[in-house]
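S.K.: Taken in sequence, the protein lines are chains G and H. Just so we're aligned, residue 1 is where the first sequence starts under UniProt numbering, counting upward by one. Just so we're aligned, residue 1 is where the second sequence starts under UniProt numbering, counting upward by one.
Hints may contain errors.
Which copy? The list can't say, so a pair holds if one copy fits it or any two copies do.
Unchecked claim - Straight-line Cα separation of at most 20 Å, EDC-like style, residue types lysine to aspartate or glutamate; simulated pairs:
hint	residue 1	residue 2
1	Lys286	Glu165
2	Lys408	Glu54
3	Lys118	Glu210
4	Lys86	Glu214
5	Lys118	Asp283
6	Lys37	Glu351
7	Lys355	Glu42
8	Lys408	Glu28
9	Lys144	Glu322
10	Lys86	Glu210
I should point out that these hints are in silico values taken from the structure, not numbers from a laboratory.
Number of protein chains: 2
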Amino acid sequence: MSGLFRPPRIAGSMRLFHDITDILSLREIIGATNLRKRTPEEYRILRDIVTSFERYRGVGNDIQLTLQERAANEVIMCEKKREYQKGILDPSKFAPGRHIFQVLHKIRRSPLFNILTKMPKGGALKVHDTSLCSTDYLIQLMYKEHLWVCTIDEGCCVVEFRFAEQKPTKGLHPEGQWEPIEQLRERRGEENLNNYLRRRFSMYQKESFENNAEAWRHMMGIFDLLDGLIQYAPVWAEYYYQALKEFHADGVQYMEVRTTMPQLYCLDGQKLPVRETVQIYQDVMKLFRKDYPDFIGAKLIYAPLRHVQPEVVGQYVKQCTELNKEFPGFVIGFDLVGQEDVGHPLSQFVEELIKLPDNINFYFHAGQTNWYGSHVDENLIDAIMLGTKRIGHGYTITKHPLLMQLAKYMNIALEVCPVSNQVLQLGSDYRNHPAATLIAENVPLVICSGSPALWCASPLSHDFYMAFLGIAPMNADLKFLKRIAKNSIRYSALKDEAKAKAMEKWKKNWEAWIDDVVKNKDKTLQQTPAK
Amino acid sequence: MSGLFRPPRIAGSMRLFHDITDILSLREIIGATNLRKRTPEEYRILRDIVTSFERYRGVGNDIQLTLQERAANEVIMCEKKREYQKGILDPSKFAPGRHIFQVLHKIRRSPLFNILTKMPKGGALKVHDTSLCSTDYLIQLMYKEHLWVCTIDEGCCVVEFRFAEQKPTKGLHPEGQWEPIEQLRERRGEENLNNYLRRRFSMYQKESFENNAEAWRHMMGIFDLLDGLIQYAPVWAEYYYQALKEFHADGVQYMEVRTTMPQLYCLDGQKLPVRETVQIYQDVMKLFRKDYPDFIGAKLIYAPLRHVQPEVVGQYVKQCTELNKEFPGFVIGFDLVGQEDVGHPLSQFVEELIKLPDNINFYFHAGQTNWYGSHVDENLIDAIMLGTKRIGHGYTITKHPLLMQLAKYMNIALEVCPVSNQVLQLGSDYRNHPAATLIAENVPLVICSGSPALWCASPLSHDFYMAFLGIAPMNADLKFLKRIAKNSIRYSALKDEAKAKAMEKWKKNWEAWIDDVVKNKDKTLQQTPAK
Chain G
1 MSGLFRPPRI AGSMRLFHDI TDILSLREII GATNLRKRTP EEYRILRDIV
51 TSFERYRGVG NDIQLTLQER AANEVIMCEK KREYQKGILD PSKFAPGRHI
101 FQVLHKIRRS PLFNILTKMP KGGALKVHDT SLCSTDYLIQ LMYKEHLWVC
151 TIDEGCCVVE FRFAEQKPTK GLHPEGQWEP IEQLRERRGE ENLNNYLRRR
201 FSMYQKESFE NNAEAWRHMM GIFDLLDGLI QYAPVWAEYY YQALKEFHAD
251 GVQYMEVRTT MPQLYCLDGQ KLPVRETVQI YQDVMKLFRK DYPDFIGAKL
301 IYAPLRHVQP EVVGQYVKQC TELNKEFPGF VIGFDLVGQE DVGHPLSQFV
351 EELIKLPDNI NFYFHAGQTN WYGSHVDENL IDAIMLGTKR IGHGYTITKH
401 PLLMQLAKYM NIALEVCPVS NQVLQLGSDY RNHPAATLIA ENVPLVICSG
451 SPALWCASPL SHDFYMAFLG IAPMNADLKF LKRIAKNSIR YSALKDEAKA
501 KAMEKWKKNW EAWIDDVVKN KDKTLQQTPA K
Chain H
1 MSGLFRPPRI AGSMRLFHDI TDILSLREII GATNLRKRTP EEYRILRDIV
51 TSFERYRGVG NDIQLTLQER AANEVIMCEK KREYQKGILD PSKFAPGRHI
101 FQVLHKIRRS PLFNILTKMP KGGALKVHDT SLCSTDYLIQ LMYKEHLWVC
151 TIDEGCCVVE FRFAEQKPTK GLHPEGQWEP IEQLRERRGE ENLNNYLRRR
201 FSMYQKESFE NNAEAWRHMM GIFDLLDGLI QYAPVWAEYY YQALKEFHAD
251 GVQYMEVRTT MPQLYCLDGQ KLPVRETVQI YQDVMKLFRK DYPDFIGAKL
301 IYAPLRHVQP EVVGQYVKQC TELNKEFPGF VIGFDLVGQE DVGHPLSQFV
351 EELIKLPDNI NFYFHAGQTN WYGSHVDENL IDAIMLGTKR IGHGYTITKH
401 PLLMQLAKYM NIALEVCPVS NQVLQLGSDY RNHPAATLIA ENVPLVICSG
451 SPALWCASPL SHDFYMAFLG IAPMNADLKF LKRIAKNSIR YSALKDEAKA
501 KAMEKWKKNW EAWIDDVVKN KDKTLQQTPA K
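Modelling step: build the complete structure from the supplied sequences, incorporating the hints.
M.R.: So this is what it looks like as structure tokens:
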């Protein structure tokens, strides 16, 4: 032991630290010493080595901050510490220890959250196409012409919407009563109806769910309710433009949208071919990019429901191949969605899935469960073995050290969705989110939101806030945020040249934001934090 | 890729698997292949390699079961699967997904739990000495002679107990009123008072706590209430005998008890020197071993409170050194206890701690928090750097891959206390307990309970049940249980020869239990599981 400290090359702990970059050497040096026989000075040196090593490994520690970024970092860390101090004093005041339903509005008053809202976050790589726009916007749609509403329970429960010239005759509920929305509004009162619908469009309808299966059923019910409203072709276009607008306002410059690729309908009830759905997406994206030149673009991942037989997956694969041929560089990926726990595992579909041409990437949802060792958990194995480029959620991956190592080695990014995981009852306290281990182990990851509108959260900022304050270590700072933002471009489906251009666009906004944080330093620090 | 499957040595996946025993080689083989270009057959082989590799790494997979053990394993796994099936159908029916307060009694009706109750678990390595005995036993103590009770709020709130000839004059509460317990019983009614005290002696008094700080305050309050009752010298001896009896009945054959080493008092109020406390412990243990020859023994870990100045820790170290000299082989370890979040970090005490002679082991509590990157979290670093032999809780260690590797490499066992972590609000759903990662990574671990009496749990069986059903992977079986039981002897403070003898005693009970499980197979499987 004492010999370890004698040679001049290890006189300073930092010297030694830089010589040891892998965990194996370090554990051998420490493991080989008798830890009970040393001086306080030796102790401090060895301890410094370990803490430096840990700091060096975590996400973001490859980033070097500029002078201006350091100034911004001071502001950010000051606000972050303020929230910790409050939380340590009274843990019930620490937002990431609470359920989002209880703290959503409180978070909006947090100076740290407000800084994060303006932060250029790069891309939103995991979002589902019919849960993008705010409830406020959905309520606006209620005033569109030709909107019919179907109710059950003597008009008390809205179950479906439809745009049509004539009263619809068929619907999801045979016993439902169709009427023009104006009539229902008249009867129930405008404010009443809107408040009711606000609740119906979100997961807030219930304070808490008995279990994740119930939360899922509730969420799928919202999707069903939204379908008739959003899948009307003109609304579809408008909805998507609005989504891009809301995400862009939240610091998002690029999107990869998972879509079940529904057939849209017209006022006369006619259904359009699926290619029209894609065409609208592409037209709207181009229009938006014209209106907002700093926007990088958006792409689609075809992500139909997983609760089907292998033959159907075969048809999905064909459909995706065709759409990719018609929209190359736009329909770029494939996934399967819906509650994994009750769906079929990927392993059942392998023979069909490997037929997908390899210019189309897999971006599989996997391991969105807490049943360790179940076939759902094993989807992680199949996702990786099938060559997935990213993993949606991968909540259980920390229970699979080998898979975590493979993800790191093969550059597969985990799409971490903190708020979604809480609302769908995988976890409760953000401080226990498994992504902390991914951060420590420097496994590639991006922060995503999934279906933010369903929990009335910002497109991406609440997830960033929870990840930064609740999941990452206390000393995670601007380097962490910058790495996460850059990851969202690095692990996107953009090709090399486009990726470089995207990074340029992001960098421009990033620098402006940094200047803004520094400029508003005094204003920020003077704010009284939310109680 | 195709080359990979050509050479005869890797024709069968198992062959290849046995050649690759480390994660680095495996990730290189898989990482080097183009996963998008292979046949379904190649896919299956590679997938088998990965799943075998995972299975091979987990806790317990070094165990080979005998034929009789395999027969017992079938019964156990049948019951385990029955609980999973029910849980997957309706997750709210899955006990490890719920709070122990809600399912304590339901678990007692589970056939799986009943098998685990009888399982010889080896040693209980982490228990606190004043929270060992059941509430039923504490209520019995209420009928002892000379017991006085102190109440506040006009007799409504019991705050202290004391054995004395005369009415006590001083107490923790200056405003408190002392009276003989008989008088209070008379006034409030026997059943009422006992029911009230049952609640006061447990954490059940409140359905849930706002946060972990509140839960801790509540728990410390119970310890305060118990002190006057238990620290009466004659009761102390009786309490400890009863504790050994209850633990033994729960399948425990060995104990390492953490004690704050209180000075006991006599009927005249006189305080005994601390060595008397140890003497009583030793005498009782010897007596118990005589009465129950299959009992291996018990040892003490001196574990005073951590909320003190460094000088006081210096005194602790001296005290421990002296007691160890007087009771060698009985007072064998040192620790600091109390809520880590509000106590001082180990790093503040290093200079004092390294003075402890190295024949006394450290068994530090560390990382019993969810504040990642806090100084409490960093206690893990200091515990390991100080040469700790085991870590109490180590709840945050999975956020420190380096420390996890060090623990594995240096054979430091984690004392995992599932139920305690839930009650003290570190986690809610057992399926998210970080020990799952330790199990997957095969980090040394033992299952412990801490203060089971405070949550009315069995001495160790509820923790085993939660770990086996809720934390370990679905396919964890008797091999897992056997490894955990053996670990409790392997990572004990027993010396080599004593350890071998202990293992023999345990093995005898283990084999009898296995026979019993097999013999009762039909009876077990016919039971209707709890709804």
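S.K.: For the identical chains here, do Lys144 and Glu322 meet the 20 Å Cα criterion within one copy, between copies, both, or neither?
M.R.: neither (34 Å within a copy, 85 Å between copies)
S.K.: Between copies, within a copy, both or neither: which fits Lys86 and Glu214 at Cα up to 20 Å?
M.R.: between (34 Å within a copy, 15 Å between copies)
S.K.: With identical chains treated as interchangeable, where does the CA-CA distance between Lys408 and Glu54 reach 20 Å or less: within a copy, between copies, both, or neither?
M.R.: both (17 Å within a copy, 17 Å between copies)
S.K.: Go through the copies and call it for Lys86 and Glu210: within, between, both or neither, with a Cα cutoff of 20 Å.
M.R.: Classified as between: cross-chain Cα gap 15 Å, same-chain 31 Å, threshold 20 Å.
S.K.: For Lys286 and Glu165, with the copy left unspecified, which applies at a CA distance of at most 20 Å: within, between, both, or neither?
M.R.: neither (31 Å within a copy, 91 Å between copies)
S.K.: Classify it for me, Lys355 with Glu42: is the Cα-Cα distance of at most 20 Å met within a copy, between copies, both or neither?
M.R.: Between copies, since 14 Å is at most 20 Å while 60 Å is not.
S.K.: When no copy is specified for Lys37 and Glu351, does a C-alpha distance of 20 Å or less occur within a copy, between copies, both, or neither?
M.R.: between (60 Å within a copy, 12 Å between copies)
S.K.: Measure nothing new, just compare the shortest in-copy and cross-copy C-alpha distances for Lys408 and Glu28 to 20 Å and report within, between, both or neither.
M.R.: Between. Shortest inter-copy distance 11 Å satisfies the 20 Å Cα cut-off; intra-copy 23 Å does not.
S.K.: Could you figure out if Lys118 and Glu210 sit no more than 20 Å apart (CA to CA) within one copy, between two copies, both or neither?
M.R.: Neither, since 36 Å and 32 Å both go past 20 Å.
S.K.: I want to check one pair: Lys118 and Asp283. Are their C-alpha atoms no more than 20 Å apart within a copy, between two copies, both, or neither?
M.R.: Result: close neither inside a copy nor across copies, 27 Å intra and 68 Å inter.
Figure legend: structure checked against the earlier numbered hints; hints not met, in rising order: 1, 3, 5, 9.
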